[in-house]
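Following the hints, position chains B, C, D and E against chain A.
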Amino acid sequence: MTAQDTIRARARELLENGEVTTFIGWESGRFENQTTPLVITDASDADKLVCNEYCVNTLAKYARDVVTRGKVGMVVRGCDSRGIVRLINDQVINREDVYLIGVGCAGVRDRKTGELLKKCAECRHGDPVICDEMAGDAAGRPQPSERFKEVHEVELMTQPERSRYFEGVYAKCIRCYACRDVCPCCTCRECFVDQRRENWVGKQNNVAENRFYSLTRVMHIADRCIECGECERACPMGLPLMKLNRKVIKDLNDLFGEFESSMTLDEEPGKLITYDLVDCEEFM
Amino acid sequence: MSRIGVFICYCGSNIAGTVDVEAVAEMARTLPDVVHVETNKYTCSDPGQEGVRNAIISHEIDRVVVAACSPRMHEPTWRKLLADTPVNPYMLEVANIREQCSWVHKDREVATAKAMDLVKMAVAKVARLQPLHSTEIPVHKKALVIGGGIAGMQTALDIADAGFKVTIVERETSLGGKMVMLDKTFPTMDCSACICTPKMSEVGNHPNITVKSYSEVENVSGYIGNFEVTIREKAKYIDYNLCTGCGACETKCPQKVVNDFEQGMSERTAIYKMFPQAVPAKPVIDAAHCRKLAQGKCGVCAKVCPTGAINYEDEDKLTTETYGAVVFATGYKLIDWKPLYPEYGGGAYPDVITGLQFERLVNASGPTEGHILRPSDNSEPKDVVIIKCVGSRDPNKGKAYCSRACCMYSAKHAHQYLDKVPDGRCYVFYMDVRTPGKGYDEFYMNTLHDGAQYIRGRVSKIYQEGGKLICKGEDTLTSQQVTVEADMVVLETAMVPADGIDELAAKFTVGRDADSWLVEAHAKLRPVETNTAGIYLAGTCQGPKDIPDSVCQAGAAASKVIGLLNKDVLQSNPQISHVNEAICQGDGACVGICPYGAIQIVQKTFRENSRKVTRPVAQVNPGLCQGCGACTVTCRAGAMDLLGYTNESIMREVDALCQW
Amino acid sequence: MSVVEANKTAQVGVPDSWEPKVIAFCCHWCTYTGADLAGLNRMNYPANVRVLRIPCSGRMNPQYVIEALNKGCDGVLVCGCHPGDCHYVTGNYYARRRMMIFKRLLEYEGLEPERFQVRWISGAEAGKFRDTVMSVVEQVRALGPLNLTREIPQFELPAVPDGQEAFNAVPEEVMPEEVSA
Amino acid sequence: MRSLNLSAISDADRRACEAIAGEAGVNLKDCYQCGKCTAGCPLADSMDLMPREVIRYLQLGAIDIVLDAKTPWICAQCVVCSSRCPQNVDICSVMRAVRLASKHAGKRPVPEADIFDDEFIANVRAHGVSNEQYLAAFYNLKSGHLMQDMGNATRMLARGLVGPAIHNTKGRANVAAVIDRALEADAERRAKAAETRGGEA
Amino acid sequence: MMKYAYFPGCSAETTGKSFTISTSYVADKIGVELVEIPDWNCCGTSAAALTSPELAVALPARSLAISERELPGLDVVAPCAGCYRSLKASLAYARESQENRDQIKRIINAPYEAKADVLTLLEVFESDDVREAITAKVQRKLRCLKVACYYGCAMVRPADVCECDNVEDPQQMDELMRLIGAEPVSWAFKTECCGAAQQMTVPVQAKPMIERIFQNAAANGADCIVTSCPLCMLNLDMREAEINAARVARGEEPFDIPCYYFTELIGLAMGAEPDEVGIGIHFHPAKTLLLQRELDALELEYAENEARAAEERKKAEMAAKIAAKKAEKAAKAAAAKSTDVAAEAEEVAR
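Protein chains in written order, with our numbering: chain A, 1314 to 1597; chain B, 90 to 749; chain C, 2 to 182; chain D, 798 to 998; chain E, -14 to 335.
Calculated from the structure, these hints are not laboratory results. Worth double-checking, as some hints may not be accurate.
To be verified - Reference excerpt, derived from the structure (chain B facing chain E, CB under 7 Å, subset only):
| no. | residue |
| --- | --- |
| 1 | 283 |
| 2 | 431 |
| 3 | 508 |
| 4 | 554 |
| 5 | 555 |
Note that beta-carbon positions come from the ideal geometry of N, C-alpha and C, so glycine has one too.
Next comes chain A alone, as it looks inside the complex (with noise of 0.2 Å):
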């Protein structure tokens, strides 16, 4: 019996039974290689969850929109799990509003190409972190090795060359919020960007204005990035998000010590909430 085998029976059996009222998956669009994010409420659906290599989503996010109307059962691959874990510590959902499906995945593929998507050759934690059963086996895939091969790219550019390389990021975003939007980090009720107060945030699609809304969009989620990468993936414009993303990610654990965010339900709390009396000091 394949993972998605499984996956269609338990989803069908917890939807029959009543455990769940909701469950997020995947299905095919038109070709196999093509898929969308699936929420079934009837049992009869779940013949439509697909689980291969093209489910490019990460599912976490939609936990929260639909967990108010019940129990959510999903499945989880490493990415998903990770950001149901962010949910929970973060207050958004609780550990019982969710049951999880765990997948081992070894990555996912560019539909067109039929590569690793670049989020997944980064991936280090291919198998769930949580979940209440398991459809298969863990992949266990080995963790890339260089972390942060990219950070150490822009780091290695002179002053000008980075001013320059990240003034063209800027110029090009659209502000769509779609890396906003995707993102597990990303749980305001109220995203900044979207409230109405005097000189908080402009809305003006400019230069400014979106290095305004880029680098608070990174401070924000700093000690928190499960590393996910679909900001990135999501990102109509190809802006490569993920190396201000774990540019933090980097410095954090350069100086406060390594870390790696949304591993279990007890986590200690975020590296730039609490402090250390010997942290050291740059600055003099």
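For chains B, C, D and E alone, coordinates are given in the frame of chain A:
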């Protein structure tokens, strides 16, 4: 539409000497919402203030900018002034054009331009301010003192004598703490019991003091003036209203238990008073050892009690009361040296004892009636070694700090030993002798003249051979290895905070240092206050100290409490954090960052999209919040904001400044 | 011509009258007091710095820094009490972490390190305040105007309507090379 | 004892002392001279300087006194001092570092100790393992203590514990090469350290 | 079957022969397989450390690297305490950083990743499996034998290298001795140094180091010293005669304290003859004490059996008495009842 009034001060020539005040005023008139600009030679003078007051009335001003000296100088003056006018005292912004402009720049043109900018910033900010109102916090005129040792008793007595009610919570069955265990006190050598027990009975009989012995703090909520404290009074199994303290039960109880008060050197019964002069002078039953309570058999005490005070069904009692102030006087304990110093036998040799054990040995009411006898064979030791700094100044095995009182009490021990055993020899191994106190060094010199042999060096090892305790040390002054074949060794062990201090302090959000000593608000200027308003420190809970210092600090803490309890109400600072519950997500990032424990996550029900939704939101306790704003930065959505320094007002200021 | 390039062209001819603008966010209890003391002692320092008072360095939101740099400041200074001296016990410890990360992020994005600096200055260190201001202003002056595409606000309504500016700002055909990768 | 002119102690002396402490991974300022190291030392009786004094002279920068001291050469490296030190000063490592510094300075205040260790390493270099009987014999020859332990040697022979046969490992050539490379690396490191110290001066 | 890589050390075939013999005897019995590391070399001991830090790291690393290659997955056992400390220190250095490992690899010119742990024999014997195996194989308990367990310095210090949590009063060997019925005494010189190399270089000054150890063992009532290090053994056992000679010359009592390896005693308890485990080649006469204590143990056992029998007799007597009393009572009650019944019957009849 706001109506801003701008008042610019010449400050004689202090400002006007470098800044073209009239030009600044001219510019200010062009700023949006500014309806009135006025200059004054001395705005803070009476006529100056009168001018401001009149202008507010005649121009219907609702926000005020004062461009003058530093707000650290006169902000309170302006607030007071506005309190008498229709303008809210917090609708005020001060532009510092003296200390940070006219006094530090020489070029008139440059300074004037900067003054204009500072006024622009102030105008921009004041336009975004909202009226704030301080609330009055009632003060419950009652104090809680935690700990009934000498510091706690002194604090309680001082507060009670000033006419306020005090409750002492004491964990043990009697007041007295460590001091009552001591034999004599340096440097005067007066008998510890003789000066401590009268204090105990004074406390016990004081009409304003309630003693809750055998009790601990269970729970705390509230803030300065209003601490709601739940106290757990452990079951004593004796009705204190009936008990006369006759002691018949103690003489008949068949169960023997190691006596902690005597430092394990004698036995007591399962129904017991800690010591004869205990206050309250009534016994309790030690439930863990009582045969009746543990095994259901016995009941002798109930049979012999003439008043029927024994109640085996007794249970812990919880009471909750509100206190205006809390004093920590939780004291210290001696470090458990046994696991730390296997080279000293790790507790295997009965004649290696601690200083507190020595105090009991030398005490006339102690287990040996004041005769110094070895615990192992009750013989009189002729060679005694005293080792200082066991656990102190030893980051490897114990604590890095100096325990401060040991130099003096080891000198006292040497003196007492030589006094009682004139033909004995006493060696004191020390690294430094620290005697900074009145009469202290004289006392130490006297001990030397008594014949105590001071050896500068730490002892490396103690082992037993032929009934002797062989102590290997170095006399670092002659660079010789030295050996003493001792009969008894006294270890002067380090002071460490009392058990359970971490949990207790956490309940009150009182800070602790790395060694768990409680942290004062300022090492020099606020030595008995904590960072949580309304909570004070007395005695060794703050750090090692001797009796005079503890009593001194107790008096200081009491005077702070009296000052607080003398007020009927406190004015709250309205510039505190504020939660916009509509966007608060309740993820609690702000909770941990608050140094005052002022933020809580609570479940609240809202009507949202015509549904009832119960969700977590942050709640700021206005009594605890001090207005630092650390929480605001953790709030990504900006639901948490600091009144008086709101995100919007600061951003406005930045913007205004960027236009110069 | 892209925005980036336009900005660069503009910088070639820095007007002689150009003076650096530096904003200093100072904690009320230490650095603001130190700055006042500098005044009392009649010390002298460049007028290019404007002090903005905040209650504690822990109040310092990174967004203020971005705003200042975006809107026309050439340098930003954040000052607070020395670690261990915070009036609110722990505020500057959090600030230290946050500002350290944020400063590295800004520099990663190409900001010159001198343009964003953090200092601990106590209420007694008037001389340190003066020296810090002098050195920061001089460093920023040496760097010249901040080479960032900015949005300098007018006190009145913005000259260009939002949509129009956005339209002008991102002509797709001249997208810089390195971004499209 | 002669007086020690502290003003005559040069910066180079101080740096040399610091370098020794650095080799041992010790901050000399940690030591507050309590003497617990000396008190527990099983060989302090036979030392010319107490272990505590060695640290003290290092603190003072009196490098010559330290390098001439017998103490580090008598030290048995039993680590009892370090393990009981209240300030976590690794005195035993300091002793080792002083002894090496003294050796490299061409001094050997206790020639026997130097001969023993050199013979030991030579023995291992030649055979891959240590042959105790020859080690003892060569040691006696070189140190001039010809009769030392002769009685015990006969007793060992009688019990068949030692004999004339030499033990060799197969890879003794390889062992010798390892020893040579290690000593080369040692020399290289010292040369580099000396250079940086010189550079500082 | 537990399997370890075995680092015998240079003394294994010479001065430490008894240790080797007894170790292999016990290991065989309890099913611990010790595979000798092929072509191992001398660990360098303190001589290397006092020559060059690089050398001190490199010499043990060579043997460990060979073990890693030839005996992958096996932890290394070094019975000699001196070897143990050298190996362990080298291992700790290698595990500190990749840089250190690279440096070592350059010097020994071989691959080395510092994977395997280094253990003392005592650590191997600490595991529950081994302890059970020993208990199962014990044939006669060494009762009445009062032993002073002597660990020496190299096995426990430096504490961070040797990962020892009680450097002043370790207990592993004492536990083992209890397991075989011997009675470990509490004494204070368990980890004091005996000055192995110093006995060569500064013999006069170093003699008291040994004497003090005997002194404290004797003062605390020990019959003998038990050790786990061949160097300590040689020092104590061989030099006891010299020390005694000096003591006699000073007019003091000579010591009569034989020394044993802990493995020898375990072997004896498992039924070995003294010569089988190498006790025959000790310097200080070591068999008499064992015979004496065996005799004591027999006597003790006899006395205990007597006491037990007496106790049981007493109990039986008591039980008999109680039973008799009970029977008497029952008879009385029955008699009373029967009279009652009779009386009742009479009444009914009337």
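Against the structure, the hints:
no. : hint : verdict
1   : 283  : violated (42 Å)
2   : 431  : holds (3 Å)
3   : 508  : violated (32 Å)
4   : 554  : holds (4 Å)
5   : 555  : holds (6 Å)
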